[in-house]
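Visitor: Chain by chain, the residues:
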Amino acid sequence: MRIRMNVCLKPIAENPCGGWRSIKDFEIRNESDRFRMNLYDAHALEAALQLKSRLSEAFVQAIGLGPFGTETVLKRAVGMGADRAVQGTVPEPLDALSIAGALAELVRRYPCDLLFFGYMAEDSQQALTGPMTAALLDWPCLSAVVSERVLQGEDGRLRVCATRELEAGVLETVECPLPAVLTIQTRAVQPRYPVLSKMLRSKDALLQIDARNMPPLSESVLKTVDIQLPQASRSTIRLEGTPEEQALALVDWLRIHHQLFMEVSG
Amino acid sequence: MSVRTPVVLLPRILDRHTVSPSAYQPLLQFAARLNPDGNGICPVVAALLPEDIPIDSVRRLLPGIRLRLGGLDLMSRDEMVNIPAFSLASAWEELLADIETMCCLLPHTIDGVQLAAYLSVRMKAACIPGVVDVDSLDGGKPLFHRLVDHGNRVARIAAQTENVVVTVDRGRLTMQENLPSIPDDTVEVKRLSWTIDRRYRLRDRSTPSADTRDLDRARVVVAVGRGLGKAENLSQVEAFAATFPGSAVAGSRGACDAGWIPPERQIGVTGKSVSPEVYVALGISGAPQHLAGMQSSRSVVSINIDPHAPIFAHSDVGIVADMGAFIAAWIDRISSIQKGKAPCL
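Protein chains in written order, with my numbering: chain B, 10 to 275; chain P, 392 to 736.
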């Protein structure tokens, strides 16, 4: 059976500032020209590549949207084993619905049987783009998937059978016909490293769509009014000094607040 | 001009037995805050149920609440138990079709977010998942608060659509004084033509069977994250945990994915929730999904080499240190104290 798989990758901007405490204006900076692959998407690509290795004939295509610089993520996908990569140029980060609309259109241009997403993006942590794309395509969607296989149904049609990991470790195995959307949870099998020989051909395997040829993007339906530091849920005491001094201070704190280590005297 | 209403969705199909108030009360209280002036708008609680369940029994389960119920035809008991939550998305769409909704509220669960995404597309409404608080600009449109940027900041977000679908993170809701609610016993029942999306077939559902009662009983839980670095370092963590009376070792999702900690000992949304007297987080950054599983601990001690790790904002004691160096110093110090060689502070 020949299966076409598209894997949607979100390029995550590297933060050159080293953490929010060093950013004075508290604005999220999106102008970084260094990007890395979202961890959940790396697991989605790994899942697609493993499925490919178990099928007689399969084609894996990576799709990513982003500004200049995000092609490095797609080249890495080719280095990991994707047969082709498609980069759509979008000028700035968009909301999940706009991204889903563009991806749904790209899936119509580059058809597939299985559409993979990472369960969520590390930065925005919304878990919306996959289910929204499924809703726009009117495809079934299985979210938070930790294992999957393709099988032939009683009617001869291909189906996907996937195990989802829900709250409190509940596992749910659900089956649905293709085409379908899967959003992939992180799992024990770590995403593979790129191979040099494949990285060398990644430029040839990369198809770039410039802004003029991109599907029209819908206007954002959300407006971020401001961004603030979160309120600390506890008032933290910092224990300073060398590790030895910190250890001693923690013993003291635990004695006072929890009556731990009371049996050992100084 | 018609008045738009907040609607709380109960994603589980109702039966004639019990509905935990924790399933809808926090969302109802949150819905009441969307309209602080009152204006006579009472939030609606919407639910799906098999048609053969008497409305009176549902009324007893959910007293004093304005209800909108959708009757699911042709649904057997077995089907009712064995269906994925999102296979009822079209039924929800039909149930809500004739309500002038200002906001649909769902619990922030994996299935809740998936259903919210679907409904927002079909209802042409904005969608904001993981909402932790709400306020408004000059009493106008609600501004929903949610964590962004790896959980490091909170954004206040306004929907640009008349209706908005949100998932409410009950575990991290900002606690505020409850607004007085007006009892409303209105019940609307709508017979739905849509039932189950039969493209989905549930094969199996299982709960973890491994015995992790030691985590529930432990006085001190020592949890390790990706900061462990490699499996060889685990013995050092176990030795560290052994210095505490009544301790148990657990891990973040990252540590479990890496195979360092068994998956049944994962703390967080997709694992266990624990509330020990002391929770020690070693090399854990503090992703919101992890915090959800340990935030009710009485005290939290965090050791992390990254001074900007979000876990510090949720800790009583923060120690910026290399995990290995700190544990070595700790074990050395504890054994010295026990031998009476070193003074305590």
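Just to be clear, a hint being listed does not mean it is correct.
Listed below are the simulated BS3-like cross-link pairs for lysine-lysine, each with C-alpha atoms no more than 25 Å apart in a straight line [to be verified]:
#1 K581/P <-> K515/P
#2 K61/B <-> K212/B
#3 K621/P <-> K232/B
#4 K515/P <-> K532/P
#5 K581/P <-> K232/B
#6 K61/B <-> K232/B
In short, the hints are calculated from the structure, not lab data. Computed from a predicted model, the values in this text were never measured in an experiment.
Visitor: With the threshold set at 25 Å, check whether the alpha-carbon distance from K581/P to K232/B stays at or below it.
Guide: Since the Cα atoms of K581/P and K232/B sit roughly 35 Å apart, the hinted pair is violated (cutoff 25 Å).
Visitor: Regarding the pair K61/B and K232/B, is the alpha-carbon distance no greater than 25 Å?
Guide: Between K61/B and K232/B the Cα gap is close to 40 Å, so the pair fails against 25 Å, i.e. violated.
Visitor: Can you confirm whether the C-alpha distance between K61/B and K212/B stays at or below 25 Å?
Guide: holds, 22 Å
Visitor: Are the Cα positions of K515/P and K532/P separated by 25 Å at most?
Guide: holds, 18 Å
Visitor: Compare the distance between the alpha carbons of K581/P and K515/P with 25 Å, and conclude whether the hinted pair is satisfied.
Guide: holds, 22 Å
Visitor: Is the Cα-Cα distance between K621/P and K232/B 25 Å or less?
Guide: Measuring from Cα to Cα gives roughly 42 Å; hence the hint is violated.
Comparing the model with each earlier hint shows violations of hints 3, 5 and 6; every other hint is respected.
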